[in-house]
Each structure stands twice: as C-alpha cells, then as structure tokens.
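These are the residues of each chain, in order.
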Amino acid sequence: SAVISQKPSRDICQRGTSLTIQCQVDSQVTMMFWYRQQPGQSLTLIATANQGSEATYESGFVIDKFPISRPNLTFSTLTVSNMSPEDSSIYLCSVTPLLRSGGADTQYFGPGTRLTVL
Amino acid sequence: SQKIEQNSEALNIQEGKTATLTCNYTNYSPAYLQWYRQDPGRGPVFLLLIRENEKEKRKERLKVTFDTTLKQSLFHITASQPADSATYLCAPYNDYKLSFGAGTTVTVRA
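Chains S and D supply the protein sequences, listed in that same order.
Everything in the first sequence is counted per the working numbering, starting at 300 for the first residue and increasing by one.
Everything in the second sequence is counted per the working numbering, starting at 3 for the first residue and increasing by one.
These are computed hints drawn from the structure, not numbers from a lab.
Keep in mind that a hint or two might mislead.
Mimicking DSBU-like on lysine-lysine, the simulated pairs with C-alpha atoms at most 35 Å apart in a straight line are [what the hints assert, rightly or not]:
id, chain 1, residue 1, chain 2, residue 2
1, D, Lys57, D, Lys99
2, D, Lys99, S, Lys306
3, D, Lys19, D, Lys99
4, D, Lys61, D, Lys73
5, D, Lys99, S, Lys364
6, D, Lys65, D, Lys5
7, D, Lys59, D, Lys99
8, D, Lys73, D, Lys57
9, D, Lys61, D, Lys5
10, D, Lys73, D, Lys99
11, D, Lys19, D, Lys61
12, D, Lys99, D, Lys5
13, D, Lys19, S, Lys306
14, S, Lys306, D, Lys73
15, S, Lys364, D, Lys5
Each pair of labels, with its calculated beta carbon distance range [what the hints assert, rightly or not]:
id, chain 1, residue 1, chain 2, residue 2, range
16, D, Glu56, S, Cys312, 22 to 32 Å
17, D, Lys99, S, Gln337, 11 to 21 Å
18, D, Lys5, S, Gln350, 38 to 48 Å
Remember, it's a predicted structure, so these values are computed and weren't measured experimentally.
Glycine is no exception: its CB is placed at the ideal position from the N, C-alpha and C atoms.
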C-alpha cells in the first residue's frame, strides 16, 4: 500500500490567480495521477505523471492550464493556473505502487484538496 | 462514447440486509474492474478487483460479479452494517487507466 498526503487540504483563491497542489507519497511509485471531482460527480482524470517524462493529459485538459511536475518517484505537483470559479472542485492525487498485486494497477488516493475560486 | 452507469439513486437499507449495487459500462473492454469506497471528504479506497476471466470474487462480506457479455458488474454487501454507509465507485480498467462511475451512495439504518 501507499500513504499519500496532499497540501494544501483546502484553499480559497481569487480568480486569475494560480494554486500549486503538492502530492507526497511514503514509498516509490510508478504512476501518479491527478483527478478532479466535483460534488456528486465521478472522478475525472486530468493527467498521468511519469517520473522523467512529460505528463499525459486527457481530452479537455491542457498543460498551460494544469502544468504538472514529477521530479522523483515520491512527489508530484499540479498547478491550477489562471483560475476561474469553474475550477472550484476537489483535486485528488492517486498512485500505483511499484510492487503491484498480481500485476493489476490498484490505485491509492490522497485525501484531496478542496479548492474554491471566488 | 464510453459510459459508466451506476445505480442512479441512493440505496437505503436496513442493517443486516444485503445491498446490491449495479455498474453497467458501454464501449469499454476492461481487462479488469475495480470497486472503491469513498467516505465524505476523503479519497476513494480500493476494495476489490475482478478480472475479465473471473465470474465472482469475494472478500469478507463483499462479493463482486463480472459479466463481460452483459457489460455489467454487481457489487454485494451482505449482512450490512451502519459502518458500510458510504459511496461505492465502479472503475473499469481500459486503455491503461481506470475510469470511474459517479458512484452509488449506500446508507445502512441501524
């Protein structure tokens, strides 16, 4: 398993500003994922971050808006840039451990960052 | 387009009864499917994984079935307890990633 912490846990920001969310894992992991979850909605994958390479973004998400860093096997950041009220959501970091059970990609999730944009 | 549909309404059941949750998917060919539990204000927690060649999987009071012909998975909580109250998410694995349904909220009354 993996224990994941995220900072900040919540924030209230003004439109037009940027916020960087940190994700720290207590063990080395292969894949790191960033999701967005709006109230009552499913998790939507923003991007997959692999160490040493560019993040892979899902349809509808672009690097200029959501730049991601992955400097090592235990840490990643997601920046929400030039924020608008539509970016208000919970942002979740998720990982797949290096040692996978039966070869399947079970994912472990952080507690989330609750972002409100005014 | 790809779609994952879970019980649209919340499930309210009496303690001790069995809760059955449905997950139907469209335009996916998942190698396996996972179920997660999410409590308010927390990230999802992995519960069970079932592969495409498995019909049924059990873990304690939880049981999952997987029918690739019907494109459906059923998730059962037997002998339910108030502590089982949460939102349960279905997640088929396809194209090297998990996709999540919106979840079904289960409330178990004492």
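| 35 Å Cα cutoff - pair Lys19 (chain D), Lys99 (chain D) | 34 Å, holds
| message | Between the alpha carbons of Lys73 (chain D) and Lys99 (chain D), is the straight-line distance 35 Å or under? | response | 18 Å, holds
| Satisfaction of hint between Lys306 (chain S) and Lys19 (chain D), Cα-Cα up to 35 Å | Distance of about 40 Å is beyond 35 Å: violated.
| query | Does the alpha-carbon distance linking Lys99 (chain D) and Lys364 (chain S) stay inside the 35 Å limit? | reply | Holds. Lys99 (chain D) to Lys364 (chain S) sits at ~22 Å (cutoff 35 Å).
| query | Are the Cα positions of Lys59 (chain D) and Lys99 (chain D) separated by 35 Å at most? | reply | The given pair, whose Cα atoms are some 21 Å apart, holds under the 35 Å limit.
| query | Are Lys57 (chain D) and Lys99 (chain D) close enough, with their CA atoms no more than 35 Å apart? | reply | Roughly 22 Å separates the two Cα atoms, so the pair holds.
| Quick one, are Lys73 (chain D) and Lys57 (chain D) close enough, alpha carbons at most 35 Å? | Given that 35 Å is the threshold and the Cα spacing comes to 12 Å, the pair holds.
| field | Assessment of proposed distance window 22 to 32 Å (beta carbons of Glu56 (chain D), Cys312 (chain S)) | value | 45 Å, violated
| Is the Cα-Cα distance between Lys99 (chain D) and Lys5 (chain D) 35 Å or less? | 14 Å, holds
| message | For Lys364 (chain S) and Lys5 (chain D), compute the direct alpha-carbon distance and say whether it is at most 35 Å. | response | 26 Å, holds
| request: For the range 38 to 48 Å, tell me whether the beta carbons of Lys5 (chain D) and Gln350 (chain S) fit it or not. | output: 32 Å, violated
| query | Regarding the pair Lys19 (chain D) and Lys61 (chain D), is the alpha-carbon distance no greater than 35 Å? | reply | Distance of about 17 Å is within 35 Å: holds.
Of the numbered hints stated above, those contradicted by the structure are hints 13, 14, 16, 18, listed in ascending order.
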